[in-house]
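A.B. asks: My request is simple: use the sequences and hints to build the entire structure.
The opening residue of the sequence shown carries number 1 in the UniProt record's numbering; numbering runs sequentially from there.
There may be inaccurate statements among the hints.
[Stated by the list, open to error] Below 20 Å or equal to it, Euclidean Cα-Cα: the simulated SDA-like pairs (lysine to any residue) are: (1) Lys218 x Asn67; (2) Lys275 x Asn326; (3) Lys137 x Ile184; (4) Lys124 x Glu50; (5) Lys275 x Leu319; (6) Lys218 x Ile184.
[Stated by the list, open to error] Pair ranges (Cβ atoms, derived): (7) Thr252 x Glu222: 40 to 48 Å; (8) Thr149 x Lys12: 50 to 58 Å; (9) Thr10 x Asn269: 53 to 61 Å; (10) Thr252 x Val145: 18 to 26 Å; (11) Pro20 x Ile231: 51 to 59 Å; (12) Ala317 x Asn153: 50 to 58 Å; (13) Pro19 x Asp233: 55 to 63 Å.
For the record, the hints were derived by calculation from the structure and aren't laboratory data. We treat Cβ as the ideally placed atom computed from N, Cα and C, and that holds for glycine.
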Amino acid sequence: MVNFIWPTTTKKVTSGFRPPHRPSHHGIDIAENGYHEIYASAAGTVSRSENNQNGYGQCIFIVHNINGQTWETVYAHMRDNSRTVSVGQTVRQNQQIGVMGNTGDSSGQHLHFELHKGRWNGSKSNAVNPLNYLDVKEEPNPITVPNETPSDNNYYRIHTGLFTTLSGYERALNELKAVYNYTIYLAPDEPKLVGDDEWRIRFYTGRVQGQNNARILKKAFEDRFSWNIHIVDANQDHEEIDYKAAGNSENTYYRIMTGFFRSLGGFNNARATLKQSYSGITYEASDDSRLREDGDLKLRFYTGRVMGITAAQELKARLEQQFSWNFNIIEAQVGKK
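C.D. replies: Below, the structure written as structure tokens:
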């Protein structure tokens, strides 16, 4: 895991950190002609986004919390009108925040980049040499489940906010599995496919006993990730499909449901194929969605409702002719399990 990445597309350093002839240079200058985007070196929250005409020029400050340690990065002398983020905004690592420029107290195009172990201050007392940290791989400290004497007899789970894109979901899953070696569950929320790439899915943990332990685990997640994190009662319902065997009535609504897709790659390929070839409404459903070590998802698709067993059988036959997956007819009931 790399905590800090190079903040631009070039690694040409033209002035180092506090050299003998510039002891008050509390960062590094990265410079090269041409167009060079500026990226957040690590995920965090924007603390400044401003034009300091007499110093940093067009600049952005970002505060990071990595393994419980606060850091702050500074990106200075960016091009006019290139800043893309504002104060209070959460940014991800490698997100573009501007373009290399020559604003403020600058004599040529470059990025002045500072790294502070702690918050930035006027004396720059927390500044450290960025070259000692950029692209340095570190093994992340794992998140452990707290085991203090429970403050109450109730059980709780840690619940993330919704991830609404496949790329965001995959990135979050990889980050989570890198540091959390316990059971992870998926909870779909209104899993209707909307647009080209919109999901509504979140993660939640196994149970912990006691509000005190839940708060400790929540804090550990908040220190590590930039997602929304919540404590929920372990018995809270998650909306799922209430699978029922199909009857034989012409007055009942039915759906066609696929078999399981047991790998993320297979599920994604099936999802794309289904959306291209099936014009009806399609939903996603989790079933026993515990993530196994090999990444097994146990996800499936189901169709919109059709009325009558005859119509359901005809739809199932058409789908079986078009796709090679297993299909089943179920009664079209949605409930809480």
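A.B. asks: Taking the hints in turn, state whether each one holds.
C.D. replies: Tested hints:
For the suggested pair Lys218 and Asn67, the alpha carbons sit about 14 Å apart, so the restraint of at most 20 Å is met. Among the hinted pairs, Lys275 with Asn326 is consistent with the structure: their alpha-carbon atoms are about 17 Å apart, no more than 20 Å. Taken as a hint, the Lys137 and Ile184 pair is broken in the structure, with Cα atoms around 25 Å apart against an allowance of 20 Å. Of the pairs offered as hints, the one joining Lys124 and Glu50 holds, with about 19 Å between alpha carbons and a cut-off of 20 Å not exceeded.
Distance restraint check for Lys275 and Leu319: the Cα-Cα separation of roughly 13 Å lies within the 20 Å cut-off, and the hinted pair is therefore satisfied. Our distance criterion of 20 Å between C-alpha atoms is met by Lys218 and Ile184, whose separation comes to about 14 Å. Between Thr252 and Glu222 the C-beta distance comes to about 47 Å, which sits within the given range of 40 to 48 Å. Here the CB-CB span from Thr149 to Lys12 is close to 56 Å, well matched to the stated 50 to 58 Å.
Evaluation of the 53 to 61 Å hint for Thr10 and Asn269 yields a failure: the beta carbon distance comes to about 37 Å. The supplied range of 18 to 26 Å is broken by Thr252 and Val145, whose beta-carbon atoms lie about 45 Å from each other. Between Pro20 and Ile231 the C-beta distance comes to about 53 Å, which sits within the given range of 51 to 59 Å. Here the CB-CB span from Ala317 to Asn153 is close to 53 Å, well matched to the stated 50 to 58 Å.
At roughly 58 Å, the beta-carbon separation of Pro19 and Asp233 lies within the given 55 to 63 Å, and the hint holds.
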